[in-house]
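Novice: Single-letter residue listing:
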Amino acid sequence: MLGPLQRLGRTGIGFFERLGRGHVFLLQILARLPALLLRPGLVVRQIYSVGVLTLLIILVSGLFVGMVLGLQGFNTLSDFGAEESLGVAVALALVRELGPVVTALLFAGRAGSALTAEIGLMKATEQLSGMEMMAVDPMKRVIAPRFLAGFLSMPLLAAIFSAIGVYGGFFVGVGLLGVDEGAYWSQMQANVDLQDDIYNGVIKSIVFGFVATWIAVFEGYDAVPTSEGVSRATTRTVVHGALAVLGLDFVLTALMFGD
Amino acid sequence: MVQVRDLAFSRGERSIFDGIDLDIARGSVTAIMGPSGTGKTTLLKLIGGQLQPQQGSIVVDGECVTDLGIKALYKLRQRMGMMFQSGALLTDLSVFDNIAFPIREHTDLPETLVRDLVLMKLQAVGLRGAAGMMPNELSGGMARRVAMARAIALDPMMVMYDEPFTGQDPISMGIVVKLISELNSALGLTSVVVSHDVQETAAIADYVYLLSDGKVVDQGTPDSLWKSASEWSQQFLNGEPDGPVAFHYPAAAFRDDLIGGGRTT
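Sequence lines, in order, name chains S and C.
Heads up: the first sequence begins at 1 in the numbering used here, then just goes up one per residue.
Heads up: the second sequence begins at 1 in the numbering used here, then just goes up one per residue.
Each hint should be verified, as a subset may be incorrect.
[Claimed, not checked] Distance ranges between label pairs, derived from CB positions:
id	chain 1	residue 1	chain 2	residue 2	range
1	C	E13	S	L55	21 to 31 Å
2	C	A72	S	L55	23 to 33 Å
3	S	T235	C	D23	26 to 36 Å
4	S	Q195	C	P110	28 to 38 Å
5	S	Q189	C	H106	52 to 62 Å
6	C	Q50	S	L26	36 to 46 Å
7	S	P4	C	A25	51 to 61 Å
8	S	P4	C	D242	27 to 37 Å
9	S	R39	C	K215	44 to 54 Å
10	S	Y48	C	R11	50 to 60 Å
11	S	G175	C	R104	19 to 29 Å
12	C	R104	S	G20	15 to 25 Å
13	S	V44	C	P110	14 to 24 Å
14	C	R11	S	L30	22 to 32 Å
[Claimed, not checked] Calculated pairs, PhoX-like style, for lysine-lysine (alpha carbon to alpha carbon, straight line, at most 20 Å):
id	chain 1	residue 1	chain 2	residue 2
15	C	K45	C	K215
16	C	K75	S	K140
17	C	K75	C	K45
18	S	K140	C	K215
[Stated by the list, open to error] To list a few chain S residues with every Cβ distance to chain C over 12 Å, as calculated:
id	residue
19	L27
20	L53
21	M133
Simulated from the structure, these hints should not be mistaken for lab results.
Just so you know, even glycine gets a beta-carbon here, dropped at the ideal spot from N, CA and C.
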């Protein structure tokens, strides 16, 4: 009789305990960020592995998403004789939504999972413990640089995704389907607003980068130090990261474009 | 060098230590021995301040580890080296960079001097020729020796060795035994060796503590322990399968289990 209730209670307490640990962990990271100003090399190395190595998947995905948008947009717009608006349709879809969201999902899958696995394995093989015994703070030396690198990389990757997507749409719309090149660019220039569209998209990508990287480094640091524990933590990074990005996207979209 | 008083530590419901007292003399090799699962590694983590006891005090070189703030604790750890059972080498750094790691983190020495220091440490453990290798290219014995070189990189006052002999072939084990003893005397260290390998540990230890069930069950020089009247000590040191530590894990009567048809899980 009381069994299910007890289980529910335990799960609830476990969830909130973990949530609390995650927030304390975040505060510990934020407290260590100023020290990284003295050692920018640590962050630059992580930007390479978190950002630069994610570039290829972002470029390829951005190109294909842009091409699909060009194709779908052309088919729909041509029903209303509005093919000339293809440029603005592709650009708005990318900078407002698909750029930040798809980049964040790819980022959680590629860079987030790698961060979790790396940190989790460092924990499982006592490397983090070893650092502590060498009087080196692993939060400062390992976690904070990775967090900052992810946070800085994500908006840049989202911008690159959107830019390459616009060219993907151009390639299909103008190159293959015959939309006027001047109309493609001029409509885009006239109707994409810096404040409403670009800035809001950038804000989204900053928030997504913050949350996806936070989840990734926390899951790695909090992983049970066994092979199964690291495997579970990596899965949680991708699942929780994706859900957090999609949930936050709705909240941010409602706040930005809700009226 | 280290005084442990009335130390109690538990994980959840399970008590690991229940009021133990230990003294580790400066300049000595002190062995902490006991069966697997008695909390020997936990004791090293308590001495290093990585875990907080529920009761008691641990004083290292005059400083109470349990009362130190994080900065003071990190300062103290710069004077303590630790060799982990797994080696705990940083897998993305070469052997050279692993040993240079604590030196670079805690000093502003020019790179030429860092290089000389690292090569000296590697020479001491006989692995100068392996400086350019990565941790995944090392054998288990070599990894322990690199970890040992890293533990002495900052010229600490004491080094803690966690199961240094486990899983080693006879040659590697002989090398590690020799290195622990020689480094201790050559560098004027205080060494704490946690192990359950009786022969190897007894060969180099000046003093031995035997732990079981959260208590110190016996202590003394290796010679005095061999002559100890304690049944537990005799069983452990001679590796007897039955004695105070029973061969059978506590269970219901065998006859009842067989004919009672009860579940075993």
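Novice: Which earlier hints turn out false for this structure, listed by number in ascending order?
Specialist: As far as the earlier hints go, 1, 2, 3, 4, 6, 8, 10, 11, 12, 18 and 21 are violated by this structure, in ascending order.
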